[in-house]
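Student: The lines below spell out each chain.
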Amino acid sequence: MNSERELPPVLVDEAQLERTWADEPGLAGWLTSVDHKSIGIRYIATAFVFFLGGGVLALLMRIQLARPDNAFLGPDLYNQIFSTHGSNMMFLFAVPILQGLGIYFVPLMVGARAIAFPRLVAYSYWLYLAGGIFLWVSFLVNVGPDVGWFAYAPLSETLYTASKRPDVWAQMITFTEVASLAVAVSIVTTAFKMRAPGMSLNRMPIFVWAQVVTSFMVMFAMPAVMMASTALILDRLVNTHFFDVERGGDALLWQHLFWFFGHPEVYIIFIPGTGLVSTLVTTFSRRPMFGYLAVVLSLVATAFIGFGLWVHHMFATGLPQLGESFFTAASIMIAIPTGAQFFCWIATMWSGRLSFKTPFVWMLGFFVVFLIGGLSGVMVAAVPLDIQVHDTYFVVAHLHYVLIGGAVFPLFAAFYYWFPKITGRMLSEPLGMASFGLFFAGFNVVFFPMHVLGLHGMPRRIYTYLPETGWGSLNLLATAGVVLMTFGVLVFIAAALRAWRAGVIAADNPWEAGTLEWATSSPPPNSNFVHLPTVAGRDPIWDNPPDQPVVVGLRSDKRDVLVTHVLDAEPDHRTIFPEPSQWPLLTALATTALFIGSIFTPRAVPYGAVPLFVTMTGWFWPKEAGETGTQQWPIEHRTLPRPNEEPGKAA
Amino acid sequence: MTASTVLQSILDPAGPQAAYISRLWWLMLWVTTIVFVLVLGFLAAALLRRRRATSEQSLARAVVAAVGATVVILFGLLIASVWTGRAVASLGATSAVTIEIVGHQFWWEVQFDDADPSRRVTTANELHVPVGRPVVLKVTSRDVIHSFWAPNLHGKRDLIPGYTTAIWIQADRPAVYRAQCAEFCGKQHAHMALDVVAETEAQFERWLDAQRKPAAEPANESEARGRDAFMRRQCVLCHSIRGTLARGLVGPDLTHLASRGKLAAGTLPNTRGHLGGWIMNSQEIKPGNLMPPNLMTSDELQSLLTYLEILK
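Chains as they are written, first to last, in the working numbering: chain A, 80 to 730; chain B, 4 to 315.
Same shape as in the complex, but just chain A:
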């Protein structure tokens, strides 16, 4: 493999490589890191903290509803709590934690050194963190949102809610949506342009597919809600009249815009969950996914159909029957791709050699819980039944079965599955089983009775109810179940803390899985892979022959990254990735000032743009030649055989 042109050295100097990809030392290094692993962990940890916060809010609500005419929380506080709970769980927990997993694992699973646009990803984290702190601080100082996570106009207009609470909600949306859009483009670019040679699109891991599909949904759905929330802020701040009926606005417009985002949001949360399930089913059945193509197409189909159902949140508004029938058909139809995935999973397990480890058991919880949520979803898709159970506890039960079943159970499974990779230590199996048992039992005790409460006429979002309604005993039962769920989570936290400090040291591939994140050490080195892998099948560790080549010719002394073609992952060119930088943090701070300021005065927009411009200028300031991310070498892709015959030296 001789080349006429002069190539950079191909020698892999491991120590040099580690230094090249390392963060700066100390606090400064933490603040300037652009390492996707470090940012991914932050996303996951931060979102988990918000999950616990949202759980505490849920606990307070359940205490309030445990008996009729309870005076534990008044309406003002209760409305803030349920609005903050919903907004927090959707925007600060579910979407970010799944994107965090994507940030950490997509580059590893496609065999890349880094995530695309690393500074953008760092920026997105700071913005997300700022938005989360903003919401929670507002809540703690009694300015938490109190008009629901859906903020229906005209209730959210100044005439009916004069406080800053709806502004806090709307601007929290802006924070988190900008962050998740930034992550979405990074994940799509990583998956499409940075895959290991040989990993053609039809070999891409299903989890990566799920992340890609989700990211595209984010790109199409989030602009609708950002537009809506911005219009709401404009209504409230500068008297535009988008949604205020008294002055010519339209109350239904808000619902269309919100649900055009809000329904796909469910799939934005659930599709990565199914990606996790596919990953775990494959690993713990110890065979390749049955029906890979069907599953991938199901994900894509779900994403498309998911944009055609938003009106089923509006069946009670009195829309024409023909239109309602269309949305009923679409809502029922989306069960088909999900059903196809279920059947492929069962077929995989049917023909696999199963291994009943904790991640697998959590995933079995997903099957039971999500199946109930999916089936009650078919019920609420039917207009006549929906107008009865819409906005009742039946729907509260349904959505928790879907979201906790579709995302939280797979997430816990994923924690157990990937904890060894991230920390290098194993979680305890007995504690894992115990936390699963408590959480699973508690979940069903809390949420199953809510189906019945809904059928018995209990509406959502009521802070109390009269004794003669007869809802007391089932509500008390639901509240009792919270105790079990809480203990399930506490046992998990205890297990995680214990394992983190003193867990059994994990092997590189403790589950004997087939995807590339297990082809490197646990935890992975700064550069992800000492030798960049190439791929000969869908499950590279299982499929690669012993003499599978590795990529050589990337520099160790620069953040040199291989860029490949979209379809076949043939090497395209190489590019130098950015070093750690303070600009993402500073830009996020400037953005935060602008966003929060604009709640109070429109002047914050022009004045706030100045620091934003300064920080962005710093961010994009041209680097010296040779250090810039845009300079490219001619492509010279070479592979050398493993095992460690000092591959670099052959050149």
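Please note that a few of the clues may not be correct.
Which chain A residues face chain B? A few, computed with CB under 10 Å, are given here [what the hints assert, rightly or not]:
| id | residue |
| --- | --- |
| 1 | Glu93 |
| 2 | Thr237 |
| 3 | Leu331 |
| 4 | His335 |
| 5 | Ala426 |
| 6 | Tyr542 |
In case anyone wonders, no lab produced these hints; they're calculated from the structure. Ideal placement from N, C-alpha and C gives every residue a C-beta, glycine not left out.
Add chain B to chain A, keeping to what the hints say.
Tutor: Using the frame of chain A, we list chain B on its own:
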């Protein structure tokens, strides 16, 4: 007032539409239960079966068959849903009682239409309907979005400001059915209920005739003092009592307050004690409702209550 109160339940239909919907519910429940058992059965079999080779081809056939069955079942449910939807959309009657319902934070304004304006009736938080006759509800809202929902009769219909939509209902048994606001409308969304009083045609007509009359005149000095108190104080700014100078449109019409079963949108029984407490400080009972506290002497309150009690 008629028989015992039947509280809100979807599973206890008292009208044709709720009956259609409950039949759809039971169909859906059975079908989904069978699907649930089958899927989990296959899952359990996959987990527990003895390991032996299964060809990918037979797996593929099974998966295709399962997807095919899913499509067929879902299509069946879709047909059942559309059929039920058509059945409940209108009652196909040529004549119907027309009633307007206007949502307010946090109470219901109820107007009985009539070609003769002097025969129109406005009341609040209580909807009287004749048994066995279709009723058209024309619903809208004066402020934020509310939702009218009497589960024993029919599904919900949102009350949206700027839109007026119509929904048909019919009650087949005389009873009092509870309806409750089903769209979050602010602080007191929880206490925004309405009693649907279904009664025989004759009782309904008698009730309507009584409601058409202007308010009762005070018959003694205490009642007259009570009316004076009402007219002098801030009550008159928000409430109407037909036949007097009180024409406020912000709060519920009180012309026949004493004829109603409940106070504060289904929150309290309509007794003298509750009414007195409500007038003095309704914020204690229903915090966030739009009625301010009223400071008055005990004498004044007692005569006001005496007057309000004659508004039958």
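Student: Provide an ascending list of the numbers of those earlier hints which the structure does not satisfy.
Tutor: The structure conflicts with hints 1, 2, 4, although it agrees with all the remaining ones.
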